[in-house]
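Engineer: Residue-level listing of the chains:
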Amino acid sequence: MVKYAVFTTRAQPGEFMTIGELAEILEAKILADHHDHDFEIPMGGAADLMSDVLAFGSEGMVLMTGLTNPQVVRTAEMAGISVIVFVRAKMPPPETLKLANDIGITLVTTGYTMYEACGRLYAAGLGGLGPVKIENGTW
Amino acid sequence: MRPAWGDSVRSRSKTAPGDMADDHEITKVQELIYTTRVESVMAPDVIVISPSATMAEARALMREKHISGMPVVEGDRMVGIVSMSDVMEALEKGSLNVPVSAMMTREVKTAYGDSYVAEAIGRLGPRGFGRIPVIDREGRLVGIVTTGTLIQSLLREMDIRYKKKEEEKLQSYRASHIYDDIVSDDTSLVLRYIVDDKDFSNAGKASSGIKKSLQRLRVLPSIVRRVAVAVYEAEMNLVIHTDVGGEITVDVRRDRLLISAVDHGPGIENISEVLKPGFSTAPQWIRDMGFGAGMGLANIKRCSDSMRILSESGGGTRLDIIFLFRDHPVGGGPVEGKRS
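Residue numbers (numbering that gives the first Met the number 0), protein chains in the order written: chain A, 0 to 138; chain B, 0 to 339.
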């Protein structure tokens, strides 16, 4: 009996969600545009805890967050994250925008809450990290 | 919003691998026209003519300025456009002495300066118009877009992007060959970064510099990522927890990387406690920024090949993190020579 429906994150090439599609699904506004709109996003994640982001972050992924301080962009840079979605129509301060423009990270803002933004993307086929192994209370 | 070319790009990606490079370049151009504004591809100094001028004068002006058409302007209002084909028609009819207003096209397609090139481009070309006057939101003529100005600006923009890429390649080439060029038994490259305490706006700068440098040294991307995460956690610790800041040194040898984060206080009271995931002494304002969850050292340990922390309450703290390059030494080739 199948206990869990495991979401396959590794889609065939050309089947990944693109930034253009992501923006459309989230009815999002692009604030800093640093990738082709057909840039393919391999997976998504959401957190307001930067240590979590550093733990699950992977190359090219999209991060949903409610934080808008410049350190979110720095954290994304370190974790290899390409796109940051600010939820609940949050607008980042100018320092955050400037850092994103310097580094080349795409920023978008959506009116949806964290829950709904994630739900819409997941339902549209954007996978996540899958079940993670946690030892000693850490990733 | 999905750009209009989305579908064609997707269907094209199913073609043979050999076609991929071309497709990539095409999408780059398409990307440019959807992100570049009309005002940056137009010629700002527009040659115009008055509606009361004769067609003969229009012909002379076009010949003199080497243009094939121009807006007809009365006062600060554009009333039409006159082109070489209008001149030819006037020639055929032998009516070069009639005023421009009698031969010009009155319905002119215009574009706003702050709109995207993609909107204007559909109106240019063989089945469209030879030129699109550009107006501001008050309706004043501010420039003109022709196929010529368009190609010129797009080529310039692509050239800038290309040069940037080439520069990065060159820097990476130079850096990655340092180990071949220096004559020694064992070369080690040491990078030093000063980290100020409580300076949140600059926090992460050292880590960013380290990441970029390791990329230029052509360290394996998977290792660069692990190093970046670990060193960023270490840098945040210096920013959050020290009272005088500290220093991060990165010692890069061909076979391994040693990162040391050193500060002079206030030191750690109970080391075994700070190593427990979730233990944190960070104040609320740090937590509000998404940090200080007590996962830093756990993250560093998970990312690195080995980690060691030395500290004394009231003294300083030293964190050493080691990454081994194993089968992928920096600069390529096998690691030779005497080891220190």
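Because the hints were derived from the structure by calculation, they are not lab data. Hints are supplied without guarantee of correctness; some may be wrong.
[Said to hold, decoys possible] Here are the simulated DSSO-like pairs of lysine-lysine, each with C-alpha atoms no more than 30 angstroms apart in a straight line:
1) Lys97(A) to Lys64(B)
2) Lys92(B) to Lys97(A)
3) Lys197(B) to Lys300(B)
4) Lys275(B) to Lys132(A)
5) Lys197(B) to Lys163(B)
6) Lys92(B) to Lys28(A)
7) Lys197(B) to Lys168(B)
8) Lys28(A) to Lys89(A)
9) Lys168(B) to Lys108(B)
10) Lys97(A) to Lys162(B)
11) Lys197(B) to Lys92(B)
12) Lys211(B) to Lys197(B)
13) Lys64(B) to Lys28(A)
14) Lys92(B) to Lys89(A)
15) Lys300(B) to Lys275(B)
16) Lys211(B) to Lys108(B)
17) Lys211(B) to Lys97(A)
18) Lys164(B) to Lys211(B)
19) Lys204(B) to Lys92(B)
20) Lys28(A) to Lys300(B)
21) Lys132(A) to Lys164(B)
22) Lys132(A) to Lys163(B)
23) Lys275(B) to Lys97(A)
24) Lys28(A) to Lys275(B)
25) Lys97(A) to Lys108(B)
26) Lys162(B) to Lys108(B)
27) Lys92(B) to Lys64(B)
28) Lys89(A) to Lys204(B)
29) Lys204(B) to Lys163(B)
30) Lys204(B) to Lys164(B)
31) Lys162(B) to Lys92(B)
Engineer: Determine for every hint whether it applies to the structure shown.
Structural biologist: So, going through the hints one by one against the coordinates:
For the suggested pair Lys97(A) and Lys64(B), the alpha carbons sit about 42 angstroms apart, so the restraint of at most 30 angstroms is broken. At roughly 61 angstroms between alpha-carbon atoms, Lys92(B) and Lys97(A) are farther apart than 30 angstroms, so this suggested pair is violated. A C-alpha spacing of about 24 angstroms is found between Lys197(B) and Lys300(B), which places the hinted pair at or below 30 angstroms, so the restraint holds. A hinted pair counts as satisfied when its Cα atoms are at most 30 angstroms apart, and Lys275(B) with Lys132(A) qualifies at roughly 17 angstroms.
Taken as a hint, the Lys197(B) and Lys163(B) pair is broken in the structure, with Cα atoms around 34 angstroms apart against an allowance of 30 angstroms. The straight-line distance between the Cα atoms of Lys92(B) and Lys28(A) is roughly 55 angstroms, outside the 30 angstroms bound, and the hint therefore fails. Proposed proximity of Lys197(B) and Lys168(B) is contradicted: the alpha carbons are some 35 angstroms apart, above 30 angstroms. Between the alpha carbons of Lys28(A) and Lys89(A) the distance comes to roughly 11 angstroms, so the proposed pair stays at or under 30 angstroms and holds.
Straight-line distance between C-alpha atoms of Lys168(B) and Lys108(B) comes to about 44 angstroms, which puts the hinted pair past the 30 angstroms bound. Note on Lys97(A) and Lys162(B): the hinted pairing holds, with a Cα-Cα distance of about 22 angstroms set against a maximum of 30 angstroms. A distance of roughly 81 angstroms separates the Cα atoms of Lys197(B) and Lys92(B); the hinted pair therefore is violated under the 30 angstroms criterion. Taking the CA atoms of Lys211(B) and Lys197(B), the gap is near 24 angstroms; set against the 30 angstroms cutoff, the hint holds.
For the suggested pair Lys64(B) and Lys28(A), the alpha carbons sit about 43 angstroms apart, so the restraint of at most 30 angstroms is broken. Our distance criterion of 30 angstroms between C-alpha atoms is broken by Lys92(B) and Lys89(A), whose separation comes to about 65 angstroms. At most 30 angstroms may separate the alpha-carbon atoms for a hinted pair to count; Lys300(B) and Lys275(B) meet this at roughly 11 angstroms. The straight-line distance between the Cα atoms of Lys211(B) and Lys108(B) is roughly 48 angstroms, outside the 30 angstroms bound, and the hint therefore fails.
This hinted pair checks out: Lys211(B) and Lys97(A) have alpha carbons roughly 18 angstroms apart, not beyond 30 angstroms. Distance hint between Lys164(B) and Lys211(B) is fulfilled; the C-alpha atoms sit about 14 angstroms from each other, no more than 30 angstroms. For the proposed pair Lys204(B) and Lys92(B), the alpha carbon gap of about 72 angstroms is over 30 angstroms, so the pair is violated. For the hint pairing Lys28(A) with Lys300(B), the CA-to-CA distance comes to about 38 angstroms; that exceeds 30 angstroms, so the pair is violated.
About 39 angstroms separates the Cα atoms of Lys132(A) and Lys164(B), which puts this hinted pair outside 30 angstroms; it is violated. Straight-line distance between C-alpha atoms of Lys132(A) and Lys163(B) comes to about 41 angstroms, which puts the hinted pair past the 30 angstroms bound. In summary, the hint linking Lys275(B) to Lys97(A) is not supported, as the alpha carbons are separated by about 36 angstroms, beyond the 30 angstroms threshold. For the hint pairing Lys28(A) with Lys275(B), the CA-to-CA distance comes to about 41 angstroms; that exceeds 30 angstroms, so the pair is violated.
Simply put, Lys97(A) and Lys108(B) have alpha-carbon atoms about 37 angstroms apart, too far for the 30 angstroms limit, and the pair is violated. Straight-line distance between C-alpha atoms of Lys162(B) and Lys108(B) comes to about 36 angstroms, which puts the hinted pair past the 30 angstroms bound. Under the criterion of a C-alpha separation no larger than 30 angstroms, the hint pairing Lys92(B) with Lys64(B) is consistent with the structure, at around 24 angstroms. Note on Lys89(A) and Lys204(B): the hinted pairing holds, with a Cα-Cα distance of about 25 angstroms set against a maximum of 30 angstroms.
Restraint check for Lys204(B) and Lys163(B): the C-alpha separation of about 21 angstroms stays at or below 30 angstroms, so the hint holds. Distance restraint check for Lys204(B) and Lys164(B): the Cα-Cα separation of roughly 22 angstroms lies within the 30 angstroms cut-off, and the hinted pair is therefore satisfied. The suggested pairing of Lys162(B) with Lys92(B) is violated, with an alpha-carbon distance near 53 angstroms, which exceeds 30 angstroms.
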